[in-house]
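Novice: Given the coordinates of chain R, work out where chain B should sit on it, guided by the hints.
As they're listed, the protein sequences go chains R and B.
So the first sequence is residues 41 to 361, counted in this note's numbering.
So the second sequence is residues 41 to 361, counted in this note's numbering.
Hints may be right or wrong, so weigh each one.
Because identical chains share one entry, a pair is satisfied inside a single copy or across any pair of copies.
[As the list claims (entries may be wrong)] In silico DSSO-like cross-links for lysine-lysine, where the CA-CA straight-line distance does not exceed 27 angstroms: (1) K124 <-> K192; (2) K274 <-> K160; (3) K273 <-> K192; (4) K175 <-> K160; (5) K346 <-> K273; (6) K346 <-> K192; (7) K168 <-> K346; (8) K314 <-> K80; (9) K350 <-> K131; (10) K131 <-> K167.
Calculated from the structure, these hints are not laboratory results.
Nothing here was measured: the structure is a model prediction, and the numbers come from that model.
Protein chains: 2
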Amino acid sequence: MSSIETLQQSFESFFNHRHFPTVPPSLYDPLEEFLSNSGKRIRPVLCLMGNELFGDIHQDAYHLAAAVELFHNFTLVHDDIMDKAPLRRGKATVHAVHGESTALLGGDVMMVVAYDYLNKIESPQLKKVIHLFNKTAKEVCEGQQLDMDFEKISDVKLDEYIHMIQLKTSVLLAASLQLGSIIGGASDHNQGHIYEFGRNLGIAFQIQDDYLDAFGDPEKFGKQVGGDIQSNKKTFLLIHALETTQGNDLTELNHLLTSSPADKVDRVLSIYRKCGIDAWANTLKETYLEKAYHHLNEIAVSAVRKDPLKALAQYLIKRDK
Amino acid sequence: MSSIETLQQSFESFFNHRHFPTVPPSLYDPLEEFLSNSGKRIRPVLCLMGNELFGDIHQDAYHLAAAVELFHNFTLVHDDIMDKAPLRRGKATVHAVHGESTALLGGDVMMVVAYDYLNKIESPQLKKVIHLFNKTAKEVCEGQQLDMDFEKISDVKLDEYIHMIQLKTSVLLAASLQLGSIIGGASDHNQGHIYEFGRNLGIAFQIQDDYLDAFGDPEKFGKQVGGDIQSNKKTFLLIHALETTQGNDLTELNHLLTSSPADKVDRVLSIYRKCGIDAWANTLKETYLEKAYHHLNEIAVSAVRKDPLKALAQYLIKRDK
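So that you can see chain R by itself, here it is in the shape it has in the complex (with noise of 0.2 angstroms):
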């Protein structure tokens, strides 16, 4: 079995290569200039590890990741536009820099060429790649399309902003690993369990994304704390905390969320604080990676094969913090 430092440099060895035809350099250039600032590759390990977990490495995985991989980066620079993000991974934007009309088309473009590696794909199993995996594309469009409408609407629940996020970021994950566990050979018991674990663990990473936004160590988390606090971003503690605190707590608070005094985030911290969010997402975030686990244990393959899985889940969940 491989560790994930083996299967980000083995995916990297295969994916870092031109993509894209050289002409129109307008159109392609920003594309590859993207592409070549990667992140820490997550979703085309996924679909290694699915692989791996039920045999050897096929060729077809590379090709399934890398589709993966350019479908995450698609609604990346698409997002980007839609959000006015000026940043991305600590340098501008695709719009920024090349205007929204190339980045649209970027994007379309680099979608199309997600196809072109599911083409490349020989397995018999092709049809059911390719379901799952515009499925799992439609699901993307729809949680973005729900955080976008739940940014003009002040009373979203829990279950709601759960069902948004989920789609938004957990079933990406979840079908990486299906969707390699398909060219692995999975039955269709295996593959459920192995969707179910990447979509409860996407869900318990957010919450501590969330967490980490307001309480983490600004050193080791890598952002500026307190950003979605300012930006009045919903998150799993705003929802919690909008439908927990009453009286003078929740006065102050639908104040702050249409103010921004200097003090804004020590001052909606202090009533995260006293409504005790701390142990509640800690609570939530173990519930979430319990429900993983416990997928993770049914599926039916010897318990080593499973290690790199949960290594995975301990390198994206932290539990001492």
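Specialist: Okay, now just chain B, sitting in the frame of chain R:
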């Protein structure tokens, strides 16, 4: 062999149902509405004709035709964002009504559903179908990018313009025919000729479209005559006029391109007439039409089977205006 009208009706009864989930309605309802405001369904008809030229129409051809129609509509939704177009087919564009983000995301999900239809194709040629579909999709994006690049350049050459317009419009017509012919079991030789028939016919159609925008009868043409001139759009006519006029006429034309006097359309048309653009455009259109017919003749099937394609060429290209 089926007539254009029969194939249009046949496709319509296949296609005229809900294509997207109902939730979230904020994402999917605008797309259903856009698709129901149908165009002439030329591209799906070409898919069906491409199939029927070589054999009975297979169910696969309907799935293919739906994929091509969804892809075409996806490009329209995204192009309208890029062009900031307020109207499409006489109605407000998706982004004008629902905002740019929903139009962007809606286009994305329409593209995914196009691949859902491709994935329903049962033919063993599916990989070849997806390969040609993807190649064409990339070319259409390249054409749109070149079109935007050309807006910023004053000296676009005729061959560069033809290359761009071919990518932006002709290759999808050509590919629709070839994709249908793959389902129909055409040989590589015949596939090559049907593609070239469509490609050349598409260029002839675009020359005619540019011509009619300047010289057409407003009642027959169905849109404002002179619109391209008003917006300084690069067309076959403008590029030829810039390449061939000299002296005062060229000075006047360049002046008109940077100003908008009330009589702009009349003054540009006067220059067009002086450089004999009418005869030139007609000759160029006929040249491409002849090329198209040459390739149609080369297809190795009995002449009578080609009648619907000849009727389609006559339907698209009027020779008696």
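Novice: Classify it for me, K346 with K192: is the Cα-Cα distance of at most 27 angstroms met within a copy, between copies, both or neither?
Specialist: Answer is neither; intra-copy 42 angstroms and inter-copy 56 angstroms both fail.
Novice: Go through the copies and call it for K350 and K131: within, between, both or neither, with a Cα cutoff of 27 angstroms.
Specialist: For K350 and K131, the Cα distance exceeds 27 angstroms both inside one copy (32 angstroms) and across copies (54 angstroms).
Novice: Treating 27 angstroms as the Cα threshold, decide for K131 and K167: within, between, both or neither.
Specialist: Classified as neither: same-chain Cα gap 37 angstroms, cross-chain 37 angstroms, threshold 27 angstroms.
Novice: Could you figure out if K168 and K346 sit no more than 27 angstroms apart (CA to CA) within one copy, between two copies, both or neither?
Specialist: within (24 angstroms within a copy, 38 angstroms between copies)
Novice: Go through the copies and call it for K314 and K80: within, between, both or neither, with a Cα cutoff of 27 angstroms.
Specialist: Intra 35 angstroms, inter 63 angstroms, cutoff 27 angstroms: neither.
Novice: Indicate which option fits the pair K274, K160 if close means a Cα-Cα distance not exceeding 27 angstroms: within, between, both or neither.
Specialist: neither (40 angstroms within a copy, 39 angstroms between copies)
Novice: Have a look at K124 and K192 and pick one of within, between, both or neither, based on CA distance no larger than 27 angstroms.
Specialist: Both: 16 angstroms inside a chain and 24 angstroms across chains, each within 27 angstroms.
Novice: If the cutoff is 27 angstroms on CA atoms, where do K273 and K192 land: within, between, both or neither? Let me know, please.
Specialist: within (11 angstroms within a copy, 38 angstroms between copies)
Novice: Checking an output row: K175 and K160, CA cutoff 27 angstroms. Within, between, both or neither?
Specialist: Both ways: K175 and K160 sit 19 angstroms apart in one copy and 14 angstroms across, limit 27 angstroms.
Novice: Should K346 paired with K273 be assigned to within, between, both, or neither, using CA atoms and 27 angstroms as the limit?
Specialist: neither (36 angstroms within a copy, 60 angstroms between copies)
In summary, the numbered hints that this structure violates are 2, 5, 6, 8, 9, 10.
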